[in-house]
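> One letter stands for each residue in the lines below.
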Amino acid sequence: MILIVAEYSGGKLAKSTLEMVAAAHASGREGPLTALVLGQGVASIADEVAPYVDQVLVGDDARLASYNPELWAAATAQIASEGEAHTVFVAGSRAGREFSARVAVKLDAPLLEDVISLEGAGSALRAQRYTYLARVTETVEADAPVLIVSVKPGAFPAAEPQATAGEQYDVDLELPASRVRITGKTVEKSSRVPLAEADVVVTGGRGVGSPERFAELIETLADNIGAGVGATRAVVDAGWRPYSEQVGQTGKTVAPQAYIAVGVSGAVQHMSGMGKSKYIVAVNKDPEAPIFKVADYGIVGDLNVIVPALIEATRR
Amino acid sequence: MKILTLVRQVPDGEARIRIQNGAVDLEGATLVIDGMDEYGVEEALRLREGGADAEVVAVGVGPKRTEDALRTALAMGADRAIHVEADGALDPVTLSKVIAQIAQEEGADLILVGSQQADWDSQALGPATAERLGWPQLTWTNQLSLEGQTLKGRHDVDEGNESFEVDLPAVIGTQQGLNEPRYPTLPNIMKAKKKELRKDDLGKYGVSGARVRTVESTIQVRQRMNKLIDGKDPQQAASELLNLLRNEAKVNL
Ligand SMILES: Cc1cc2nc3c(=O)[nH]c(=O)nc-3n(C[C@H](O)[C@H](O)[C@H](O)COP(=O)(O)OP(=O)(O)OC[C@H]3O[C@@H](n4cnc5c(N)ncnc54)[C@H](O)[C@@H]3O)c2cc1C
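Same order as they appear, the protein sequences are chains A and B.
In terms of my numbering, the first sequence has 89 at position 89, counting the first letter as 1, and numbering is strictly consecutive.
In terms of my numbering, the second sequence has 85 at position 85, counting the first letter as 1, and numbering is strictly consecutive.
Note that these hints are calculated values from the structure, not bench results.
Take these hints with a grain of salt, some might be off.
[Stated by the list, open to error] In silico DSS-like links for lysine-lysine, alpha-carbon gap of 27 angstroms or less: (1) B:Lys250 <-> A:Lys15; (2) A:Lys293 <-> A:Lys278; (3) A:Lys293 <-> A:Lys12; (4) A:Lys106 <-> B:Lys204; (5) A:Lys285 <-> B:Lys227; (6) B:Lys250 <-> A:Lys285; (7) B:Lys204 <-> A:Lys293; (8) B:Lys199 <-> B:Lys2; (9) A:Lys106 <-> B:Lys250; (10) B:Lys152 <-> A:Lys185; (11) B:Lys2 <-> B:Lys232; (12) A:Lys293 <-> B:Lys232; (13) B:Lys199 <-> A:Lys293; (14) A:Lys189 <-> B:Lys152; (15) A:Lys15 <-> A:Lys293; (16) B:Lys250 <-> A:Lys278; (17) A:Lys278 <-> B:Lys97; (18) B:Lys2 <-> A:Lys285.
The structure displayed is predicted, hence computed values, not measured ones.
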């Protein structure tokens with residue numbers, strides 16, 4: 001079977017799960033498509049994913065009340081072994097890339113990490129992924145009885161539901177005791193679309209000038225056009241914005257339909273996180289800024305007058 | 001206690017990447033210690049300076065030139081280094097096999113490793129190493145302290161961040177914000193030349209090549225339209241941009 005570890009957030013199935021279903025279809029691998037839902041009180045998640053797969057295995061367990069890499073890896077490896085899965089799909093989120101590596105070791109399986117495309121090649125699987133700060137596209141291949149694949153968010157289109165919803169089954173899990181004690185958690189809540197899922201992202205750089213101006217200009221423009229908000233590291237380091245908004249090598253990777261970079265110079269480390277966006281838009285007063293070299297559309301000018309004009313023109 | 005700090009050698013962020021016969025060719029590129037790993041070296045030194053009775057061992061697996069990155073770690077203050085010479089490519093999960101064996105031989109209590117490496121763009125090395133050792137791991141850590149045998153810290157997760165406590169042994173994935181890595185001073189660079197840099201042979205670790213094979217590498221430069229609009233008349237520029245986005249790019253705004 002093909003096993004997909006469902007990802008969800010805030011009680012809702014994440015788009016990444018439907019992208020994994022699409023990746024599974026693209027892989028040409030055979031066998032029943034099975035979703036594994038791990039957590040506590042996850043009946044609604046199981047219902048949400050059922051229409052997309054042949055069956056759903058539900059590991060509803062108090063010990064899984066919050067994500068823990070050791071427990072997630074143990075549960076996934078157990079179900080993959082019991083169900084004789086030959087391919088295991090995990091989301092390319094931070095959590096997914098963390099526990100998928102542990103699953104690969106547990107099952108002595110190669111890991112195709114953060115893939116953007118997949119193709120079956122006999123018993124092997126061939127994938128593309130970005131390397132060298134996303135400057136290189138690598139084609140990699142692995143051939144083994146079991147393969148683990150993590151799927152880059154946004155790389156595959158979300159799958160469509162099937163004609164009939166998959167049956168649901170409860171599973172019993174043998175879980176290790178967690179050795180990490182979580183003593184506090186800060187959820188950086190945002191009323192906006194999550195960065196990884198946003199069709200349009202507006203990112204502010206140091207050129208925006210201050211946290212107040214950031215809220216006034218970047219957040220307002222983003223809200224007007226239903227976009228997610230991003231920030232450069234310079235802005236995050238200065239404490240203007242939370243780290244969860246950082247785009248780049250040490251932040252998030254995004255590939256929206258349109259990426260609007262305002263007062264951003266376009267350093268390689270930043271571009272490694274947004275360079276694959278379908279359309280890149282830059283607003284910068286310096287016509288020589290590197291960001292213009294990768295931009296489809298650019299406005300050369302002072303963001304303090306350009307962005308208010310954009311806000312005005314997009315006012316709802 | 002013993003702290004292993006893993007060091008990869010990667011092209012500098014500004015280095016031009018060349019492709020030769022379908023593979024990345026680093027000949028002539030400026031190579032540096034991976035920025036993410038550098039936070040790990042610095043943190044190991046700070047734990048030692050903070051009072052932990054620790055030996056800091058820098059470990060690198062890679063071709064001969066990896067020595068340079070290890071010398072940098074020694075010049076920063078690591079006590080000694082181990083270099084496992086390996087010319088062929090290893091994938092991170094396979095490499096974790098080598099690291100886990102070194103950790104066992106050395107009797108390490110803590111492994112520090114960059115949360116993501118700038119050559120593979122992979123996040124697998126830390127968690128895979130931890131799994132092989134049967135240790136817990138915390139990735140994307142940006143705050144760390146040691147109290148007795150307990151590490152306390154904070155790390156980033158998908159939805160925000162968490163404060164954690166974990167008893168040694170453990171693997172910690174490092175990242176920006178954890179510290180500001182120091183520059184090696186000239187006297188320390190001189191001193192580093194005399195420090196032990198042990199050479200090791202990959203064959204010893206029972207690893208026979210990568211299980212994920214790289215078939216081809218390409219640099220696809222997507223042609224961008226580079227349509228520049230003069231911003232002198234902001235209203236005009238704004239409406240022109242929105243028009244292009246809506247009608248030419250067909251973005252739903
Ligand atoms: C290991 C490592 C990892 C890194 N990871 C990341 C990462 O994940 N993400 C990231 O973003 N960076 C990262 N960086 C940092 C990166 O190298 C840059 O320093 C950073 O991206 C610069 O941010 P910026 O573009 O906001 O600021 P700056 O480089 O200062 O650029 C500001 C821009 O604003 C323009 N501007 C100023 N005023 C105005 C105005 N009134 N109107 C219009 N334009 C104006 C300027 O012309 C300039 O181009 C990393 C660096 C290292 C070494």
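> Work down the list of hints and note, for each, if the structure agrees.
Okay, the hints, checked on the actual structure:
no.: 1; hint: B:Lys250 <-> A:Lys15; result: holds (22 angstroms)
no.: 2; hint: A:Lys293 <-> A:Lys278; result: holds (15 angstroms)
no.: 3; hint: A:Lys293 <-> A:Lys12; result: violated (39 angstroms)
no.: 4; hint: A:Lys106 <-> B:Lys204; result: holds (22 angstroms)
no.: 5; hint: A:Lys285 <-> B:Lys227; result: holds (15 angstroms)
no.: 6; hint: B:Lys250 <-> A:Lys285; result: holds (26 angstroms)
no.: 7; hint: B:Lys204 <-> A:Lys293; result: violated (48 angstroms)
no.: 8; hint: B:Lys199 <-> B:Lys2; result: holds (19 angstroms)
no.: 9; hint: A:Lys106 <-> B:Lys250; result: violated (46 angstroms)
no.: 10; hint: B:Lys152 <-> A:Lys185; result: holds (14 angstroms)
no.: 11; hint: B:Lys2 <-> B:Lys232; result: violated (61 angstroms)
no.: 12; hint: A:Lys293 <-> B:Lys232; result: holds (21 angstroms)
no.: 13; hint: B:Lys199 <-> A:Lys293; result: violated (44 angstroms)
no.: 14; hint: A:Lys189 <-> B:Lys152; result: holds (24 angstroms)
no.: 15; hint: A:Lys15 <-> A:Lys293; result: violated (31 angstroms)
no.: 16; hint: B:Lys250 <-> A:Lys278; result: holds (11 angstroms)
no.: 17; hint: A:Lys278 <-> B:Lys97; result: violated (39 angstroms)
no.: 18; hint: B:Lys2 <-> A:Lys285; result: violated (51 angstroms)
The structure does not agree with the numbered hints 3, 7, 9, 11, 13, 15, 17, 18 stated previously, though it agrees with the rest.
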